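Novice: Below are the chains, spelled out letter by letter.
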Amino acid sequence: MKRFNWRWLAASSLLCAMVAAAQTRPQYGGTLRVTTHATLTSLDPPDASQTDSVARRSLLLMMFDTLVAIDDNGRIQPALATSWQASSGGRRWQLRLRRGVKFDDGTPLTAEIAVSSLRAANASWNVRADADSVVIELETENAEFPAELALARNAIAKRSADGKDSGTGAFHAVEWEPGKKLALAATENYWSGRPFLDRVEIEMGKGFRDQITALELGKADVVEVPPEQLHRLSSGVHAVSSQPAELLALVFAREAASPEEKMLHEALALSIERGSIRSVLLQGAGVPAATILPNWMSGYGFVFPSDADLPRARHECEQVKATIHLIPVWSLGYDSNDPLARLLAERIALNARDAGLSLQPTSATAAEVRLTRIALSSSDPWIALSAVAAMTGATLSRSKENSAQDLYAAEEDVLASQRIIPLFHLPASYATAAGVKDFRVRPDGSWDLSNMWLGGASLGNHGQ
Amino acid sequence: MRSAVYNSAIPADPLKSFDCPGLVFRLGFVGSLLILILLPGAAISARAADWNAPEQELAHKIVAITGPGVVAFSVENRSSLGQRDHEIIQDGLRSALAGLGLRFAAPEQAAATVKITLSENLTSYLWVAEIHQSAAENTVVMVSAPRPENSGLRNTRESTPLTLRKISLWTQDEPILDVAVLEENPAPAQIAVLDAQRVAIYRLQNGKWQPEQNLSITHANPWPRDLRGRLIPARDHLFDVYLPGVICVSTAAAPLALNCRESDDPWPLVPMGLNAGSVFPSAGMNSAGASVPQMKAFYASTRNFFTGAMTPGVGKFGSVPKFYSAALLPRDRYTLWLFAATDGHIHLIDGVSDQAAKLLWGSNLASVKTACGAGWQVLATTSGDAGDTMRAYEFPDRDPAAVSAAIDLPGEVTTLWTEAKGDAALAVARNRETGSYEAFQLALACGQ
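Chains A and B are the protein sequences, given in the same order.
By this note's numbering, the letter at position 424 of the first sequence is numbered 424, and the numbering carries on one by one without gaps.
Add 464 to a position in the second sequence, counting from 1, and you land on the number used in this note's numbering.
No lab work stands behind these hints, which were simulated from the structure alone.
Computed from a predicted structure; not experimentally measured.
For each residue, glycine too, the CB sits at the ideal point set by N, CA and C.
Treat the hints loosely; a few may be bogus.
The calculated DSS-like cross-link candidates involving lysine-lysine, where the alpha carbons are at most 27 Å apart (straight line), are [said to hold, decoys possible]:
hint: 1; chain 1: A; residue 1: K164; chain 2: A; residue 2: K181
hint: 2; chain 1: A; residue 1: K102; chain 2: A; residue 2: K181
hint: 3; chain 1: A; residue 1: K437; chain 2: B; residue 2: K786
hint: 4; chain 1: A; residue 1: K262; chain 2: A; residue 2: K321
hint: 5; chain 1: B; residue 1: K822; chain 2: A; residue 2: K437
hint: 6; chain 1: A; residue 1: K180; chain 2: A; residue 2: K158
hint: 7; chain 1: B; residue 1: K786; chain 2: B; residue 2: K822
hint: 8; chain 1: A; residue 1: K158; chain 2: A; residue 2: K102
hint: 9; chain 1: B; residue 1: K822; chain 2: A; residue 2: K400
Covered stretches of chain B, going by a simulated chain A footprint (3 or more residues, C-beta under 8 Å) [said to hold, decoys possible]:
hint: 10; stretch: 584 to 598
hint: 11; stretch: 603 to 610
hint: 12; stretch: 686 to 696
hint: 13; stretch: 766 to 776
Put together the whole structure using the sequences plus the hints.
Specialist: Here it is, written out as structure tokens:
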């Protein structure tokens, strides 16, 4: 045997003490404390009275499962349905349910319950149970229909007589104060494996500044951070951002009534200096946008220029003035609870004035044009585009080919109406405490705690 | 774009996946031996993608608008494609367009400009052509191109007493829980790969692993997250499978069957090759030449760790702290056990004392018996730039001394078990770039 070099060993021992610690296996246990700006007053997935937000989606998908899910690469993956089959050219869909799944009240998942849940969310769907399968008949062919089933509003819920919803999710509600607080506990026999966390406590309706303070004081583990304030976080805080999944846009209350009015809408779009607004007001966050869909979703966003073109904007205003002799004054509404919105509205009004337009910023709810944050509803581009188009009264239907070229044409049509002026695509950003491990943000900005765990001091006395 | 799909209730059969292009790239063992990772500069080059179909499709779309003639042509890359692919695609598009009657010139001499942007979206590459013809609006046409899969491996080498080598065994998309070498000749000739659904058996034929049989694992309760499992060759049948709350026993001869039952029986910690029940009689003895007594530990059926209850106990300790993994270092009169405990410490237990050390190691440990150095080494993970690194240590007393250079693994180590013979370890790492799980055999070589 070769003689061993103990001097070398001593040196190596020092070296090994200097290297960074390796990843450890996930640890079970602990309570995660989350704060959100949004306030949920209902935990019913299809409740249309609730504004769609990433916080709502995140919370619903912790308690309720969908039949299928969309992964980070946009592919459909099994969830409560283990398999699915299309027939009649994508008009009839049969999804076979996973066996052995139970709701948090102990009731087994059946096709009848799934059908009832889907009907509640989609009154117009023709859906029925067939043994252990759910069968959905569509009016039109849709080769990408499973992406619809991955939406949080289509999550499967069992409604009891007292109006309480039960889910099959990784967590179930144990405390619920609508609009204020939600406490969730891990579901021990979750079909996809018990989550690592024991409990999640969510405090709702918290201002962004309060959330960051709570994180810094150790009173919260995961908080929301406006993208423009990420740079203000203290150095020890870990920040996570999604793909740009929120659209900041100007939305007109009604369709342009005349070609001249449409030209004025276009002039407004051309007047806005998105680049300098991004630098100054958004502190470099977000992506200037001239499209509804962000480029990561569509792949063609760069074709639409987002740079201001003031000469062209002025020219269009002058042309209109020559025809109708009067440029109307528009009220520009913004959300008074959004600290950034007023600044943005004032800056947009300033840009518009340079082009010859007159905008009056107002925090009143009624306005001719409104600065709006739109959480894109899915990472599936057709679904996201359709939802935004619906806000403007337009209806889209997927082409049979479902090609990028068709998507481009559909978006071009929506934009051509000049009812919506895209401004920026913004990510959803979060800050997490040091012990938070494997906190994952889905491409649509919602968070996924199913594989998250707490390490070190964050685990506290709740661990294992 | 995507089309309607049907997923089998049991995820896609890997026996079929061998013939499917675009699925996981699996390494043949002979090929793997040729790219022993420690060789400087060794790397698997990315598979060249075939861009011909989208090139032709886009060229036809462009020419349908421009007609034959003279155009100004440019290609810009805004995607994750590398410079080499960018150039290949640019040349391919140029050829395809020329084949359809387009000629190329500077913008001022051209009837139209064709600006192609190589972009991408969530699911695929997207090549967008913006066509500007005089006195006309821009026309935009586009085609989607599938994203190819790449793989690559990195390596380092240092001058150290022992050399830790890693040999690629197997790669797949689903998490690998364990890989057992069932037959060696002298290189592995038959392996079994354990994942959450099955044990898949492969035989090396003509330098490639060919599937032989898939054995499904049945279980009544859901698997815990961070699922772990062991696949251990047995004396009177082919192998046993240990999973949380489940034990499966194979039959002895082909065609094999696997019988699974609910069980909380303890899992063996001492490799079969090192104890009296060995199926590898020549594999190894302890430093005194005697076999190491078997030690078994109870695994928490709904978690990812051992409960700490041992059978038999470690000396006076009937139980030890809850732990993720264990390694043993036989001494002349006792065995020193190392436990990577859930409290973040490495507990060194010799049967009399329990010493907790903070070593900055990961939670995966394995011991190997070799003819090098002190005869027994412990493999442990530390954090690297692109993933975990693995290193061999000895314990002259109670402090570790590194005896090999750290080798890079392509991502976080998810599995590390001592192989059945006891002279090598099996590591699985999740590749940070591809997301696939790669199993390696880790062996120590003596000297420089």
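Novice: Does K400/A lie within 27 Å of K822/B when you go C-alpha to C-alpha?
Specialist: Status violated; Cα separation ~60 Å.
Novice: Is the Cα-Cα distance between K180/A and K158/A 27 Å or less?
Specialist: With Cα atoms ~24 Å apart, K180/A and K158/A stay inside 27 Å; holds.
Novice: Hint check: K262/A vs K321/A, CA-CA at most 27 Å. Holds or violated?
Specialist: holds (13 Å)
Novice: Take the C-alpha atoms of K164/A and K181/A, compute the straight-line distance between them, and say whether it is at most 27 Å.
Specialist: Given pair K164/A, K181/A holds - Cα atoms ~17 Å apart, limit 27 Å.
Novice: Using a Cβ cutoff of 8 Å, are there at least 3 residues of the stretch 766 to 776 of chain B near chain A, or does the coverage claim fail?
Specialist: Coverage by chain A holds for the stretch 766 to 776 of chain B (4 residues, Cβ < 8 Å).
Novice: Does the alpha-carbon distance linking K437/A and K786/B stay inside the 27 Å limit?
Specialist: Distance of about 20 Å is within 27 Å: holds.
Novice: Taken at face value, is the distance from the CA of K437/A to the CA of K822/B at most 27 Å?
Specialist: holds (20 Å)
Novice: With a Cβ-Cβ cutoff of 8 Å, does the stretch 603 to 610 of chain B contain at least three residues near chain A?
Specialist: holds (count 5)
Novice: Within a Cα-Cα threshold of 27 Å, do K102/A and K181/A meet the stated pairing?
Specialist: Measuring from Cα to Cα gives roughly 25 Å; hence the hint holds.
Novice: When I compare C-beta atoms, does the stretch 686 to 696 of chain B have three or more residues closer than 8 Å to chain A?
Specialist: Since 6 is at least three, the answer is holds.
Novice: Need the status of pair K786/B, K822/B: alpha-carbon distance at most 27 Å?
Specialist: Distance ~16 Å between K786/B and K822/B Cα, so the pair holds.
Novice: Compare the distance between the alpha carbons of K158/A and K102/A with 27 Å, and conclude whether the hinted pair is satisfied.
Specialist: holds (10 Å)
Checked against the numbered hints above, the structure violates only hint 9.
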